[in-house]
Amino acid sequence: MILRLKYFGMIAEAIAKEEENVEIQHRTIADLDGLLKRKYPQLVTLEYQFALNQTLAGMDEIIKDGDEIALLPPFAGG
Amino acid sequence: MILRLKYFGMIAEAIAKEEENVEIQHRTIADLDGLLKRKYPQLVTLEYQFALNQTLAGMDEIIKDGDEIALLPPFAGG
Amino acid sequence: MSEKKIKNFLVEGPITPEKIATSIAHHQVKTNIGAHDIFLGQVRADQIEGKEVIAIDYSAYAEMANKVFDEIREAAFDKYDLTCAHIYHSIGVVKVGELCLFVFTSSKHRAMAFDACRYITEEIKAKAPVFGKEVFENSSFQWKSNQ
Amino acid sequence: MSEKKIKNFLVEGPITPEKIATSIAHHQVKTNIGAHDIFLGQVRADQIEGKEVIAIDYSAYAEMANKVFDEIREAAFDKYDLTCAHIYHSIGVVKVGELCLFVFTSSKHRAMAFDACRYITEEIKAKAPVFGKEVFENSSFQWKSNQ
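So the sequences go chain by chain: F, C, Y and B. Residue numbers for the first sequence, in the numbering used here: 1 to 78. Residue numbers for the second sequence, in the numbering used here: 1 to 78. Residue numbers for the third sequence, in the numbering used here: 1 to 147. Residue numbers for the fourth sequence, in the numbering used here: 1 to 147.
Treat the hints with care, since some could be wrong.
Unchecked claim - Which residues of chain B face chain Y? A partial, calculated answer using Cβ under 7 angstroms: (1) 7; (2) 11; (3) 14; (4) 17; (5) 26; (6) 33; (7) 42; (8) 47; (9) 50; (10) 51; (11) 115; (12) 119.
The set of hints was computed from the structure by calculation and includes no laboratory data. Even glycine gets a Cβ: it sits at the ideal position worked out from N, Cα and C.
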């Protein structure tokens, strides 16, 4: 299935990309996280959370075709 | 001794006066309060505090010649 | 006798949004400030026994009020780690919808600004010798009380 | 799928004192309001390892940030008896001394305005996907974190 990935702040900077489409066979956020850490080893040392369709998502959440997933570094609002 | 008396808000309205000098022989705020309630019986039903030289004063505080004393109705600031 | 010059915290008539903007702008040079909290009191069109308030006419024991505002402000600086603190209270007629109180606290971090602004506002309500007549449409009035 | 139109809470560049004055003035027709509380976040000239911050460059996951701001605002209306609540957060470069966050709550009485303003501000810090680069004099930078 195809996922829309978005990267923000220091994550976008670390992987030099703000968004991309990826095709994966995996089913959970944890699976995706593993795939991304193999693709971008620099993520291993960075702090981030996942958002699934604009809501924070835990590692066991199930991904569906067409979902929008974002990697969010620590918040700095205010 | 001579005291400077100041009246504010509903007290000033009730006795139709904003200030006056009074000569008294008495020594405490309680003495002065008794004198004023005899002079202005309308004070008996009204709520007020005394300020002695711009600081809230209890009934047993001693008055000296030249003191400035104010009758303060309930505060409504803000 | 202390000869400390006490600031005047009382302003004639309503406090304007422009005054607030000017006050905020003056703090932009203070680059150690990270957080401001501003409290504004606004005159409400309360219904009292079928009559609607159209204004509050404020008066004060000015010398004592300024002394109390100064003490409250100094106590806030003692209790909280503040960069700045300002208080302005209206005297005279303030119409419904207009502003009668402006408390402005600034600090490096937000907790202190919030705590101090609330502390100052509560202290003013409890301790400042300011009096108010609630004026009704038909020009009758009643005396307001914070208790 | 809810088709609710989400408001835009993000503003390009700093929040100006004039915007705050205009927002205050707009509330003077709401004569059931007795109290406003305003929180302002201001960019500090922090010293970090000998370098001085001259600006913060904010970015956001805009669609999610607006959803989060909207949820925080709705939660504040559920928790507190509010007349109005407004939130504005800067995106892009905000220089030292300039304002990056404006939270504005209004209520009949002061306790609700104070509680709600603080609640909204804390929630924004914790939950809004807004990111910031602290920019130094020599154009180097570091990523800011609320944790």
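Item to check | Numbers of unmet hints, in rising order | outcome: Hint check: 1, 2, 3, 5, 8, 9, 10, 11, 12 fail, others pass.
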